[in-house]
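Go by the hints and put chain B onto chain A.
Residue strings, one per chain:
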Amino acid sequence: MLAARNSSINIAGLSFLLADPNPHSTAIIHGILRGFGANRVIEIRNNRDAIQVLNEQKIDLMMVEPNLPKGGGLAFIRSIRQDPNSPCRTIPILVITGDTRTSMVKSARDCGANMVIAKPMSPSSLYERLTWVAFHPRKFIETATYFGPDRRFKIEGFPSGKGRRAGDNEVEIKAEEGPTLSQNDIDSLLAEARVGGAA
Amino acid sequence: MTTPPRPTHKEFDVDHEYGRQARAPGGISRDAALLRAAAEIERVKPQVSDYIMQECHRLDAALHSANAEGHTDASSVAEAYASSQRLRDVAQTVGYPLLALIATNLCTIFEALEAAQVDYPAAVIECHHKALRLALSRRYRDKEPKDLPELSAGLWQIAKLAQAMRADAKTDTPADAKSEQLKAS
Numbered sequence: 001m002l003a004a005r006n007s008s009i010n011i012a013g014l015s016f017l018l019a020d021p022n023p024h025s026t027a028i029i030h031g032i033l034r035g036f037g038a039n040r041v042i043e044i045r046n047n048r049d050a051i052q053v054l055n056e057q058k059i060d061l062m063m064v065e066p067n068l069p070k071g072g073g074l075a076f077i078r079s080i081r082q083d084p085n086s087p088c089r090t091i092p093i094l095v096i097t098g099d100t101r102t103s104m105v106k107s108a109r110d111c112g113a114n115m116v117i118a119k120p121m122s123p124s125s126l127y128e129r130l131t132w133v134a135f136h137p138r139k140f141i142e143t144a145t146y147f148g149p150d151r152r153f154k155i156e157g158f159p160s161g162k163g164r165r166a167g168d169n170e171v172e173i174k175a176e177e178g179p180t181l182s183q184n185d186i187d188s189l190l191a192e193a194r195v196g197g198a199a
Numbered sequence: 001m002t003t004p005p006r007p008t009h010k011e012f013d014v015d016h017e018y019g020r021q022a023r024a025p026g027g028i029s030r031d032a033a034l035l036r037a038a039a040e041i042e043r044v045k046p047q048v049s050d051y052i053m054q055e056c057h058r059l060d061a062a063l064h065s066a067n068a069e070g071h072t073d074a075s076s077v078a079e080a081y082a083s084s085q086r087l088r089d090v091a092q093t094v095g096y097p098l099l100a101l102i103a104t105n106l107c108t109i110f111e112a113l114e115a116a117q118v119d120y121p122a123a124v125i126e127c128h129h130k131a132l133r134l135a136l137s138r139r140y141r142d143k144e145p146k147d148l149p150e151l152s153a154g155l156w157q158i159a160k161l162a163q164a165m166r167a168d169a170k171t172d173t174p175a176d177a178k179s180e181q182l183k184a185s
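Chains A and B are the protein sequences, given in the same order.
Residue 185 in my numbering is what sits at position 185 of the first sequence, and the numbering runs on without skipping anything.
Residue 173 in my numbering is what sits at position 173 of the second sequence, and the numbering runs on without skipping anything.
Please note that a few of the clues may not be correct.
[Unchecked claim] Computed cross-link-like contacts, DSS-like style, restricted to lysine-lysine with a CA-CA straight-line distance of at most 27 Å:
(1) B:10 to A:58
(2) A:70 to A:58
(3) A:139 to B:10
(4) B:160 to B:130
(5) A:106 to B:160
(6) A:106 to A:139
(7) B:45 to B:130
(8) A:106 to B:10
(9) B:143 to B:130
Just so you know, the hints here were simulated from the structure itself, not pulled from any lab data.
Chain B on its own, in the form it takes in the complex:
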């Protein structure tokens, strides 16, 4: 008599408390929930806005020292990346879309640098550094990217190239060629 093969996996339903309660009647409608959530975001906005300004100044300082005198400082680059990530995560939600675009772009560029092992693109980073300072000024702080089409188009073009480079990191394109593409943008 042969032994039946042992099952390689188990598959089962889970009826968790979260699902049971969330589906129960007496909840809040989607429209009401979104309105109330928007009001809650407005409530925390002053506190988060102060933090965003502080984080922008930290990013400004890190970008300043990342390539001071032409030498790339790895710890400053790491700090600039971490600071960009923190900004990217919150800036859009509380109403700083231009800052969010710059931070997101910087994250993509730093990730492309890490993935593709290319040289530090000083000119590209400097362009974002200047855009950051512009976005921090009172005049531009609340602007949408669409209010500044030329600046936004340039930043998006760079981001697109950096995204492609990040995704393309394992291909045979030589690192030097990738560096040149980013610089040329």
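Next comes chain A alone, as it looks inside the complex:
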């Protein structure tokens, strides 16, 4: 089910962590969040400070730029997701980046981020992602090599049902047809492929 375009969001009192080395970029995002009703937004510029904040405060949602100094934002996200003792292990984490190359999006997905938001960011794009994360939570997956939101996205169109461009069409979702593969089926197929590849 898609979020209604005029649904409301109640984020007052929640704690947001903005991890981005560029203070002007965070000034804009901070302003947008304030407009949405957020009143607890913490800005940090590097990994070390981010870790310190996470040790000292409860954070409800993080937004992380991959170019974060002292280790990189994606490594920081992976370290949170892989740490069984981290209180933030399952909180929503959004990657904010101007680099929308496929390789970057895949890396963000594989480190355990919930979503990628492209910069420059408009208030409507951020609003739609925040409501999507709130209203359409995804299951978490734990494997030997991955911990994070289920990466198998079902394509259900744009968050609001319609894209931002004038030429975007409404997306119609058809009912599921035919049987779908279970995780065990997928695992066994992959295992066979690996055996085949090794042979």
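Showing chain B alone in chain A's frame:
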């Protein structure tokens, strides 16, 4: 008796505080949230605009020294790329669409150079350098790309080629041919 196979993965629901609170009644409607966010952007705009002008001058200097006297200076190219990224990330949101287009284009070109290992396209970069200086002038600073159709069409054409080159980096097209395509644009 056989031991059941160990599960290879675990799948579970997460009910996080963010979702519970965000869905709770008493929030702000989408329309009101967007209006208030636009007002907040207006509030930070003077501060970010000053920064954008400074960043443009840094980019101008880096582009100037990137290929001074025909020799490509790697550190200046890296600085020009970093500066273009910083501009790309903020210029559009605070109302500098032409600067945003130029910065985005430069990012795409620098990424294509890195991915496809082609020669520094001095003429293409120079064209963007001149466009940057034009976009910085008071007369053109607030213009939309659609207000300058010829300039924008040229920049978009180059960006399209650079995007294709960036995506195509692992194909068999020889680097020399890629360089020629970019120069010809």
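Outcome of the hint check:
Using a Cα cut-off of 27 Å, the hinted pair residue 10 (chain B) and residue 58 (chain A) holds, with the two alpha carbons roughly 26 Å apart. A hinted pair counts as satisfied when its Cα atoms are at most 27 Å apart, and residue 70 (chain A) with residue 58 (chain A) qualifies at roughly 22 Å. Taken as a hint, the residue 139 (chain A) and residue 10 (chain B) pair is honoured in the structure, with Cα atoms around 10 Å apart against an allowance of 27 Å. Of the pairs offered as hints, the one joining residue 160 (chain B) and residue 130 (chain B) holds, with about 19 Å between alpha carbons and a cut-off of 27 Å not exceeded.
The straight-line distance between the Cα atoms of residue 106 (chain A) and residue 160 (chain B) is roughly 22 Å, inside the 27 Å bound, and the hint therefore holds. Restraint check for residue 106 (chain A) and residue 139 (chain A): the C-alpha separation of about 19 Å stays at or below 27 Å, so the hint holds. For the suggested pair residue 45 (chain B) and residue 130 (chain B), the alpha carbons sit about 25 Å apart, so the restraint of at most 27 Å is met. Straight-line distance between C-alpha atoms of residue 106 (chain A) and residue 10 (chain B) comes to about 22 Å, which keeps the hinted pair within the 27 Å bound.
With a C-alpha separation of about 16 Å, the suggested pair residue 143 (chain B) and residue 130 (chain B) falls inside the 27 Å cut-off, and the hint holds.
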